[in-house]
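Protein chains: 2
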Amino acid sequence: MSDTETLGVVGGGQLGRMLAEAAAPLGVEVVVLDPTPECPASPVARDQIVGDFDDEAGVRELAARADHLTYEIELADPDLLEAVGEEYGVPVNPDPETLRTIQDKLVQKRALQDAGIPVPEFQQVDDREDLIAALDEFGSVMLKAREGGYDGRGNVPVEDESDVDEALAEIEAATDGDGTRAMAEEFVAFEREVSVIGVKGEDEIRTFPLGENVHREEILRETVVPARTAEAVAERARGVAEAVLDLLSGRGVYGIELFETPDGEILVNEIAPRPHNSGHYTIEGALTSQFEQHARAVTGRPLGATDLRSPTVSANLLGNGEERRPAEWSGDDAILRHPGASLHWYGKHEVYPLRKMGHLTVVGDSEALRASEERTGCAREHRSDAEDETERLLREARELRDEVTFQ
Amino acid sequence: MSDTETLGVVGGGQLGRMLAEAAAPLGVEVVVLDPTPECPASPVARDQIVGDFDDEAGVRELAARADHLTYEIELADPDLLEAVGEEYGVPVNPDPETLRTIQDKLVQKRALQDAGIPVPEFQQVDDREDLIAALDEFGSVMLKAREGGYDGRGNVPVEDESDVDEALAEIEAATDGDGTRAMAEEFVAFEREVSVIGVKGEDEIRTFPLGENVHREEILRETVVPARTAEAVAERARGVAEAVLDLLSGRGVYGIELFETPDGEILVNEIAPRPHNSGHYTIEGALTSQFEQHARAVTGRPLGATDLRSPTVSANLLGNGEERRPAEWSGDDAILRHPGASLHWYGKHEVYPLRKMGHLTVVGDSEALRASEERTGCAREHRSDAEDETERLLREARELRDEVTFQ
Chain Y
-6 MSDTETLGVV
4 GGGQLGRMLA
14 EAAAPLGVEV
24 VVLDPTPECP
34 ASPVARDQIV
44 GDFDDEAGVR
54 ELAARADHLT
64 YEIELADPDL
74 LEAVGEEYGV
84 PVNPDPETLR
94 TIQDKLVQKR
104 ALQDAGIPVP
114 EFQQVDDRED
124 LIAALDEFGS
134 VMLKAREGGY
144 DGRGNVPVED
154 ESDVDEALAE
164 IEAATDGDGT
174 RAMAEEFVAF
184 EREVSVIGVK
194 GEDEIRTFPL
204 GENVHREEIL
214 RETVVPARTA
224 EAVAERARGV
234 AEAVLDLLSG
244 RGVYGIELFE
254 TPDGEILVNE
264 IAPRPHNSGH
274 YTIEGALTSQ
284 FEQHARAVTG
294 RPLGATDLRS
304 PTVSANLLGN
314 GEERRPAEWS
324 GDDAILRHPG
334 ASLHWYGKHE
344 VYPLRKMGHL
354 TVVGDSEALR
364 ASEERTGCAR
374 EHRSDAEDET
384 ERLLREAREL
394 RDEVTFQ
Chain U
-6 MSDTETLGVV
4 GGGQLGRMLA
14 EAAAPLGVEV
24 VVLDPTPECP
34 ASPVARDQIV
44 GDFDDEAGVR
54 ELAARADHLT
64 YEIELADPDL
74 LEAVGEEYGV
84 PVNPDPETLR
94 TIQDKLVQKR
104 ALQDAGIPVP
114 EFQQVDDRED
124 LIAALDEFGS
134 VMLKAREGGY
144 DGRGNVPVED
154 ESDVDEALAE
164 IEAATDGDGT
174 RAMAEEFVAF
184 EREVSVIGVK
194 GEDEIRTFPL
204 GENVHREEIL
214 RETVVPARTA
224 EAVAERARGV
234 AEAVLDLLSG
244 RGVYGIELFE
254 TPDGEILVNE
264 IAPRPHNSGH
274 YTIEGALTSQ
284 FEQHARAVTG
294 RPLGATDLRS
304 PTVSANLLGN
314 GEERRPAEWS
324 GDDAILRHPG
334 ASLHWYGKHE
344 VYPLRKMGHL
354 TVVGDSEALR
364 ASEERTGCAR
374 EHRSDAEDET
384 ERLLREAREL
394 RDEVTFQ
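Residue numbers (the working numbering), protein chains in the order written: chain Y, -6 to 400; chain U, -6 to 400.
Excised from the complex, chain Y in its bound form:
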């Protein structure tokens, strides 16, 4: 192996930043393509090419410098990546075909359903009539723009006919007036939202432990690992995630969002062909982080162990207030002082409401576990100790998160 390889990444947001942080120790330098000068990844990347995600000249420049290509945002252009990758002889992972499938939520859901993977019931919605028909069949539905939505944008709950016009208008606004192009999904009254971070290598797949995701206003707030659910449910989720990884082609990390139903069934909500917000806990919580796994997988290196090092909770640091403004902030002292807490700041220069500005992670303390062993003299009480620890970590993470404020 040469002393250094270069990984070209379409997108230079926080995922690209954490990918660059994780790739360096492997001897992999990162170059990113991102339209925002001084994007979050730029201080830790070898270089940033300033250009849109689908800018042909930018993608070519990236390919010319890279030994491997990947993307950290679904807005990447699969056709362009495929063509440029072939032209320059640089492998693109995950497969552009996978990105194409995932970009269109309807195509994604159909592919999953065709493979026998459990998903909520859904119907294509091209107009008002389709939506009314879906309401008739499912009762209330979640109306989703087929393309371009994220962090809840482009998802509109529809309870009955009186919501229909407003919902359709919202979807059309979210899709830049590109017609209706939507899907309606049965409204799942889930017990909890969970996710599996999976990784696909050359000839193996691995999954991280099941995480439990707490959303509010459709934005992820906290991830709790292990998820506070039955072992059988975690096993079922792992099986579903493995089926998803078998189905999709291309090396890399996948974030697989799942619903756990009240009777313990698992349904696939959505898949991201990249490291996922609900996998940030792996940086401190697992033997290998999702970012290192992604760097390993897309550069053709062996995958790492996915074992949990201790119970772990992560919490997003989201923008508050009313408007877009410079990101002046306070409250990191409490995080830095807290034993077992880690701060991840994304280096975004502006803040606006609900923007993901950073996250914090709190890990359980295995020394504490040992101390508790010495105290009790016996190990059989650990399981409940571990459960107590998860609750404690979640409480701590929320308290620390609430200390952070933006001016």
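In silico DMTMM-like pairs for lysine to aspartate or glutamate, Cα to Cα no more than 25 angstroms straight-line:
hint : chain 1 : residue 1 : chain 2 : residue 2
1    : Y       : K349      : Y       : E67
2    : Y       : K349      : U       : E(-2)
3    : U       : K349      : Y       : E(-2)
4    : U       : K349      : U       : D395
5    : Y       : K349      : Y       : E263
Chain U is nowhere near these chain Y residues, computed Cβ spacing over 10 angstroms in every case:
hint : residue
6    : D60
7    : E75
8    : P111
9    : G141
10   : G142
11   : N148
12   : E224
13   : V226
14   : A227
15   : E235
16   : L240
Simulated from the structure, these hints should not be mistaken for laboratory data.
Quick reminder that beta carbons are idealized off the backbone N, C-alpha and C, glycines included.
Once you've looked at the hints, dock chain U against the given chain Y.
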């Protein structure tokens, strides 16, 4: 706090590289000053200024861009840093006065001795006569160049008068012909070499657990944590390290190398005013890494917890062969496949014998600990389990290290 601060670092070797990797999540960007273009820190730093460590224009450019200044190499110039720091109103940590004291091993040892900190006996050696006198007093001695030595260079064992001429010649060669300027230290027949990584903040000091260091050819090969020694010795070492931190002025991480004597006493060997090779294990092994601690301390942030997460062993990946050549290598697959092993590649473009090219770390598995609890049903056997684990980790680290070869 503003969205981003900049830390200016004199030196951009592997310590600067790992410092930049650790600083980014805190919202701290790193700019380094280093004479080698594409130095190890450059791909993960915001920028590299290419210039010698004592280049006045380079240090000024660094200060002009930085909110805080530090150094990762003792070859930094304390007078220049002090003057430029004052001129630009940028704090320099650790204190340039501390760097001045540490750069001269004789001055360093005297300062420690004057503070009542236990050190080996020593004498100033300015000429042949001084060295003979030291031999008469101590029996065999270690002759050390007062300045500029590192990784064993500038340290020459002298057993009797027949070694004297060669030893003096070697010291003069190591000091670029700057006269003899040396010190002779009683030869310590230590039981083991150990070290404490300490960190000094605004108004607190903290120490990491005692590490045990295995050297060969005077170069660190492995660090084993916790050190395989008595609890009372570890406590004594911590006390000595705290006295050292009290003595030195300036915020930052200090690597404190110690000898454990056969009767369990602790003597200070040498101090580095920066993160230290024997503290690399903290990246995976401790709740906060030494690099994050250094970034926190020198930027005025609160210090982090120093608790060990699990028994941990690190091993250096050193250059082999005969000559300087491009760093083509193999053997990382075994490291990447090993559960609990992490690779840290420094991105050096050339390899030569004994050059530090990277390191690997193997952590104990707290899940394994739990599994062993469930197996035994009781926790009282853990202490010996933990000791077994340390031996196992050391064996694994050596096996993985031996897989790495350079073409």
